[in-house]
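Participant: Here are the chains, one letter per residue:
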Amino acid sequence: MSAIVLAQAAAESGLTNKGVAALTYGLGAIGPGIGIGYLVGQSVQAMARQPESAGMVRTTMFLGIAFVEALALIGFVVFFLAGA
Amino acid sequence: MSLLATEFPPLGHIVNWPGFFGDGTAYEFNKVVLVYLLALLMVVIIFGLAGRKKALVPTGLQNIGEMAVDFIEDGIVMDTMGEPGKKYAPFLMSLFLFVWFTNIFGIIPVIQMPASARIALPLFLALLAYVIYHGAGFKEHGLGYIKHALVPPGVPVALLVLVVPIEFISKFLVQPFSHTVRLFANMLAGHILLVTFGVLTGALMGTGILASVVGLLPFFALVFFTAFEVLVAFLQAYVFTLLTGVYINAAISHEH
Numbered sequence: 001m002s003a004i005v006l007a008q009a010a011a012e013s014g015l016t017n018k019g020v021a022a023l024t025y026g027l028g029a030i031g032p033g034i035g036i037g038y039l040v041g042q043s044v045q046a047m048a049r050q051p052e053s054a055g056m057v058r059t060t061m062f063l064g065i066a067f068v069e070a071l072a073l074i075g076f077v078v079f080f081l082a083g084a
Numbered sequence: 001m002s003l004l005a006t007e008f009p010p011l012g013h014i015v016n017w018p019g020f021f022g023d024g025t026a027y028e029f030n031k032v033v034l035v036y037l038l039a040l041l042m043v044v045i046i047f048g049l050a051g052r053k054k055a056l057v058p059t060g061l062q063n064i065g066e067m068a069v070d071f072i073e074d075g076i077v078m079d080t081m082g083e084p085g086k087k088y089a090p091f092l093m094s095l096f097l098f099v100w101f102t103n104i105f106g107i108i109p110v111i112q113m114p115a116s117a118r119i120a121l122p123l124f125l126a127l128l129a130y131v132i133y134h135g136a137g138f139k140e141h142g143l144g145y146i147k148h149a150l151v152p153p154g155v156p157v158a159l160l161v162l163v164v165p166i167e168f169i170s171k172f173l174v175q176p177f178s179h180t181v182r183l184f185a186n187m188l189a190g191h192i193l194l195v196t197f198g199v200l201t202g203a204l205m206g207t208g209i210l211a212s213v214v215g216l217l218p219f220f221a222l223v224f225f226t227a228f229e230v231l232v233a234f235l236q237a238y239v240f241t242l243l244t245g246v247y248i249n250a251a252i253s254h255e256h
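Protein chains in written order, with my numbering: chain A, 1 to 84; chain B, 1 to 256.
Isolated chain A, as found in the complex:
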């Protein structure tokens, strides 16, 4: 639904398909950006408070980053599919 609205708005304002794709990827990157920032911040805090558990925290942090990042990367792929 929102995609149709977006497409209509784009058609009226003269935005191209590529422009919409780029804009949408930008919007899609907000969530993962906040997520990774929060995740790494909390991990650094945990490592600073308990340096002896730093190894475990780091592994879990990278795992978490990998999962959060997947959303941004799917957005990136969609950007190319839609903008082509």
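Hints listed in this document are in silico derivations from the structure and should not be mistaken for laboratory results. Among the clues, some could well be false.
To be verified - Across the chosen pairs, the derived CB separations fall in these ranges:
hint : chain 1 : residue 1 : chain 2 : residue 2 : range
1    : B       : I192      : A       : G33       : 14 to 24 Å
2    : A       : L23       : B       : T59       : 52 to 62 Å
3    : A       : T16       : B       : L143      : 34 to 44 Å
Stated by the list, open to error - Covered by chain B, according to a simulated footprint, are these stretches of chain A (three or more residues, beta-carbon under 8 Å):
hint : stretch
4    : 20-33
5    : 72-80
Quick reminder that beta carbons are idealized off the backbone N, C-alpha and C, glycines included.
Following the hints, put chain B in place on chain A, whose structure we already have.
Facilitator: The following block gives chain B in isolation, referenced to the frame of chain A:
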């Protein structure tokens, strides 16, 4: 695509390479295939030479081999699977090094093509891991593995209608897809980033004094992102292997 009025090459041009020979046939040999072969050779040679002497006090290449094995066993296998995962260490070891070498070719001059920026390799490796971790699960639990994979412990019976389809979609369909796309998109994005700054630098440099001075900016960005890509190449290989370990662990673990 145009970028500040300079022509940016279309996506096909920066990842499709003309074949050295056999162009257009199924046996086409191009730069990507060359990178696969080089990465494979490097893995084989490093371990072939490092494991040849088996000296008690390691020197030279044996040091590197032992460091790599330590890194995989302590950093990935023990962290994700613990003792029962030791037998998967050789697989994860070769997976990690192969992915890392194919990634690192993205910044090596002359070649400058991360072979994992074509979806064929990530897809193949993710499917290989998919077969291995589900195979390991069936070997460990027998046919009970289907229940083990689809029914998380401690879920009320009424919720199973909802949970089982979600678990099926996430474990059997989305998991290999995200495993593939994570490596592929990261390396493609890095490659495009480098091409962007390379094109900008090339367009600005040598077209007058002012443009050359402005052209220093994308040039330094290019240097910076090339260094950044070294980190990304390592990190993505690490994450790819780590996730394979996590998936194997989810398949072979027994809940208490």
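Participant: Do three or more residues from the stretch 72-80 of chain A put their C-beta atoms closer than 8 Å to C-beta atoms of chain B?
Facilitator: holds (count 5)
Participant: Does the beta carbon distance between T16/A and L143/B stay inside 34 to 44 Å, or does it fall outside?
Facilitator: Violated - the Cβ-Cβ distance for T16/A and L143/B, about 54 Å, lies outside 34 to 44 Å.
Participant: Three or more residues of the stretch 20-33 of chain A near chain B by CB distance under 8 Å?
Facilitator: Contact hint for the stretch 20-33 of chain A vs chain B: violated, 0 residues under 8 Å.
Participant: Using the C-beta atoms of I192/B and G33/A, is the stated range 14 to 24 Å upheld?
Facilitator: With a Cβ separation near 19 Å, I192/B and G33/A satisfy 14 to 24 Å, so the hint holds.
Participant: Evaluate the given range 52 to 62 Å for the C-beta pair formed by L23/A and T59/B.
Facilitator: 57 Å, holds
In the structure shown, a violation is registered for the earlier hints numbered 3, 4, in ascending order.
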